[in-house]
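Colleague: Protein chains in written order, with my numbering: chain G, 1 to 368; chain W, 1 to 397.
Keep in mind that the hints were calculated from the coordinates and are not lab data. As the structure is a computational prediction, the values presented were derived from the model and not from experiment. Glycine included, C-beta positions come from ideal geometry on N, C-alpha and C. Be careful, since some hints might not be right.
Claimed, not checked - No farther apart than 20 Å at their CA atoms in a straight line, the calculated lysine-lysine pairs in the PhoX-like style are these: (1) G:K9 - G:K28; (2) G:K28 - G:K68; (3) G:K68 - W:K7; (4) G:K9 - W:K374; (5) G:K9 - W:K376; (6) G:K56 - W:K7.
Unchecked claim - Facing chain G, a subset of chain W residues (Cβ under 8 Å, in silico): (7) A3; (8) L4; (9) T27; (10) R38; (11) R41; (12) N46; (13) L49; (14) V69; (15) L73; (16) K82; (17) V119; (18) A365; (19) F367.
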Amino acid sequence: MIQGRWYEKGSATSYKAIFQDIDNIYYKIELDNGRNLKGLIEALSVGNRLGNVERKIILEDGSLFATKENDKVDELLKNKLKINHFIHTLETHIRWVVVALVVTVLFSFSFFKWGIPYASKQIAHALPHKTNQLIASNTLDYLDKYIFNKSTLSIQEMNKIRVHFKTNLVPLSIEDKSITYTLHFRDWSDVPNALALPSGDIILTDKFVELCKSQEEMDAVLLHEMGHIVHRHSLEMVIQSTFVSVAVMLIVGDSNGLADMGVGLGSLMVSSAYSRGHETEADLYAFEHMLTANMNPKAFSRIMNRMTEYIQSDKSITKHKPETKNSEDSILDYLSSHPSTKKRVEIANMFAECYRKGLKSCKIELMD
Amino acid sequence: MKALCFKGSGSEYFKIWIVNILLIIVTLGLYYPWAKVRNHRYFYANTILEERNFEYHATGKQLFLGFLVAMVLFITYIVISKILPIGGFMIMGILFVAIPWLIWRSLKFSLKMTSFSNVRFGFKGTLRQAYINFFVFPFLFILALYGVPMGVAVGVPMMLGEEGVAPWLQAILPLAIIISIGFAFYLYGFMKKKNTSYRLNGTRYGQGIFETNLEVKKFLFILLKTIGMSILVIGVFVLLIGSVVYTTIGLEGVLEMKYNMNNPQAGHTGLGLMMMIYISAYLGFIFSSMLIMAYSITRQRSYIYQNTSLDKKISFASTLKAKSLAWVMVTNFIVILLTLGLAFPWTKVRMARLIVENTLVDTEAGFYEYITQKEKEESSLGEQIGDAFDVDVGIGL
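Given only the sequences and the hints, what does the whole structure look like? Please build it.
Modeller: Have a look at this one:
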């Protein structure tokens with residue numbers, strides 16, 4: 001016997017009712033207005049169980065029997081339950097809930113930590129080089145229009161750097177023959193920086209050229225930028241952020257604006273972590289190639305330190321590049337797109353040690 | 001008047017939520033529509049008035065196709081916006097044009113899939129009205145708030161040249177800007193009234209018709225009070241932070257820190273403390289905006305409910321207080337942060353309970369005579385796209 005309410009088809013009119021199984025083939029529903037309904041159990045459509053919310057059983061004529069006695073429905077009509085009952089089983093057994101919790105936490109962590117970077121790398125490298133050109137198209141024009149000014153370097157200076165780059169550095173990049181490297185010089189109001197576009201274009205700012213005290217220092221940074229291009233980091237970024245956005249959409253789903261704020265911070269931290277990974281990867285690319293070309297990786301620490309010092313001494317620039325602020329071990333490191341200069345210099349120095357020993361390759365332990 | 005009651009519990013919903021996520025993971029996202037149905041059903045079916053409950057009728061199968069299309073569009077949007085910044089803007093433009101259609105489809109689908117006491121809701125608003133409400137009005141509003149003042153401030157002096165600006169024109173320009181912003185202010189209230197009326201007057205319960213009579217004046221009044229409160233809260237907030245900095249670090253300390261920032265050799269005394277103040281200021285800002293939001297939401301809700309009826313027989317009321325809404329918002333936010341999101345189900349149930357139990361319905365007339373109206377099947381496409389792009393439809397109670 002199951003207590004519940006019976007509703008006419010599509011109507012709010014309802015009566016208290018008692019459901020009974022007569023002989024496993026027929027059922028009977030007694031309404032409190034004296035009416036009795038009979039029918040085949042076979043023809044009933046029993047709704048899925050969800051927590052302890054009212055259960056709906058639809059009769060052959062479209063009328064409805066609703067009851068809160070979920071356990072009795074499960075017991076009496078167990079042959080009628082749909083496969084979906086499996087989900088309710090998961091939800092009610094603490095063992096499965098714990099399994100779900102552990103799997104979810106572990107999976108989410110590994111997915112963001114290793115899964116997305118790995119998959120992005122694979123996809124980025126499976127795509128043709130044309131994709132890189134597509135991403136980079138118009139970027140330089142855009143930067144020229146809104147950010148850069150014409151370089152104040154002389155043609156001779158530019159050509160000297162270009163020739164050196166072509167003869168000494170480009171041959172080192174043997175990984176991807178489809179890349180054509182092009183050097184550009186621009187003025188960016190006293191910001192020392194070097195940028196790489198996925199198409200193979202590398203942009204050096206005047207201030208950066210000015211701060212380089214030796215050819216090796218400039219080469220170290222150029223190799224770092226080449227590392228970004230060879231590893232297709234821009235393309236990886238596009239793929240990574242697509243993954244992150246879709247994953248966030250699926251998990252948070254239809255939440256309110258409130259949760260969005262926390263999620264926004266989370267996605268920012270995740271994408272900053274990926275970006276820091278890229279910087280380290282480009283650094284390593286530079287160091288390894290410096291060793292093979294017999295250059296001292298120490299040059300990288302020198303130019304990094306000089307740039308950091310310059311930025312800190314010139315307040316007008318910290319406005320442009322707040323992330324290079326030298327706040328070691330602060331909470332803001334998790335939001336920074338670059339690893340701290342201190343950490344990068346440490347790795348450069350390890351490679352410099354290998355160089356001093358005359359090694360052509362260097363094995364170091366990277367810590368996160 | 002009787003209050004609705006909410007019978008869901010945080011622990012029960014937690015299990016449903018975590019199993020949903022597990023299945024989404026295992027199926028690489030394909031389970032999402034079914035998960036959505038279970039979530040919706042849980043909250044609808046636990047919302048009860050006099051032993052009658054709401055029910056969500058959409059099935060995962062029904063949502064699946066719309067979900068796939070929405071996913072493809074969403075991924076295309078992200079990829080394009082990352083590759084070409086202009087492409088992203090273009091898609092945003094297309095979305096802006098598509099929003100009225102998405103809202104219209106979403107309202108039609110969601111309401112049709114919702115029932116109370118075995119009788120389905122429905123939506124009879126027209127697409128034309130959706131475009132007037134969610135395209136024309138917002139467009140005029142943005143034009144009045146930003147377009148005209150900016151055009152006047154930048155365009156007019158440019159057109160006339162440096163010396164061409166006559167003194168009388170210089171005097172009129174600020175006036176034109178003020179009038180335009182004032183007009184935007186009025187448009188806001190007008191838009192609120194129109195949008196709410198569109199949603200509510202188009203809503204059906206069986207053969208029953210919802211009716212709402214709203215005035216622009218009242219919305220403007222609430223907006224004015226909200227602005228006043230914002231100024232007050234932010235003022236108090238700035239004073240508070242200022243006095244904390246002044247008493248703990250002092251003016252000289254701040255100056256010294258500024259000097260030390262540029263000098264890498266010097267120690268960073270007080271930087272830790274400054275960090276703490278930064279973080280608390282940031283949190284404080286979030287909390288004060290929640291307070292202001294809660295105020296605006298609860299006032300509008302009370303006003304709208306008071307002036308809405310079903311067939312002129314069944315009336316509604318909202319007893320939701322700004323203080324309690326703000327309290328639940330703030331504490332939910334903190335709990336979600338502290339548990340890295342794991343307490344999300346609990347916070348969702350808590351919020352649902354607060355909102356549902358502060359909704360009153362006059363049940364004297366009874367619901368006996370209401371009957372579901374026959375309608376053709378609706379596709380879930382628009383609703384799913386709206387869901388993916390986070391288009392706020394807001395049909396919640």
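Colleague: Against this structure, judge whether each hint is valid.
Modeller: Comparing the hints with the structure gives:
{"no.": "1", "hint": "G:K9 - G:K28", "in the structure": "holds, 17 Å"}
{"no.": "2", "hint": "G:K28 - G:K68", "in the structure": "holds, 18 Å"}
{"no.": "3", "hint": "G:K68 - W:K7", "in the structure": "holds, 12 Å"}
{"no.": "4", "hint": "G:K9 - W:K374", "in the structure": "holds, 12 Å"}
{"no.": "5", "hint": "G:K9 - W:K376", "in the structure": "holds, 17 Å"}
{"no.": "6", "hint": "G:K56 - W:K7", "in the structure": "holds, 17 Å"}
{"no.": "7", "hint": "A3", "in the structure": "violated, 19 Å"}
{"no.": "8", "hint": "L4", "in the structure": "violated, 15 Å"}
{"no.": "9", "hint": "T27", "in the structure": "violated, 11 Å"}
{"no.": "10", "hint": "R38", "in the structure": "holds, 6 Å"}
{"no.": "11", "hint": "R41", "in the structure": "holds, 5 Å"}
{"no.": "12", "hint": "N46", "in the structure": "holds, 6 Å"}
{"no.": "13", "hint": "L49", "in the structure": "violated, 11 Å"}
{"no.": "14", "hint": "V69", "in the structure": "violated, 14 Å"}
{"no.": "15", "hint": "L73", "in the structure": "violated, 12 Å"}
{"no.": "16", "hint": "K82", "in the structure": "holds, 4 Å"}
{"no.": "17", "hint": "V119", "in the structure": "holds, 5 Å"}
{"no.": "18", "hint": "A365", "in the structure": "violated, 12 Å"}
{"no.": "19", "hint": "F367", "in the structure": "holds, 4 Å"}
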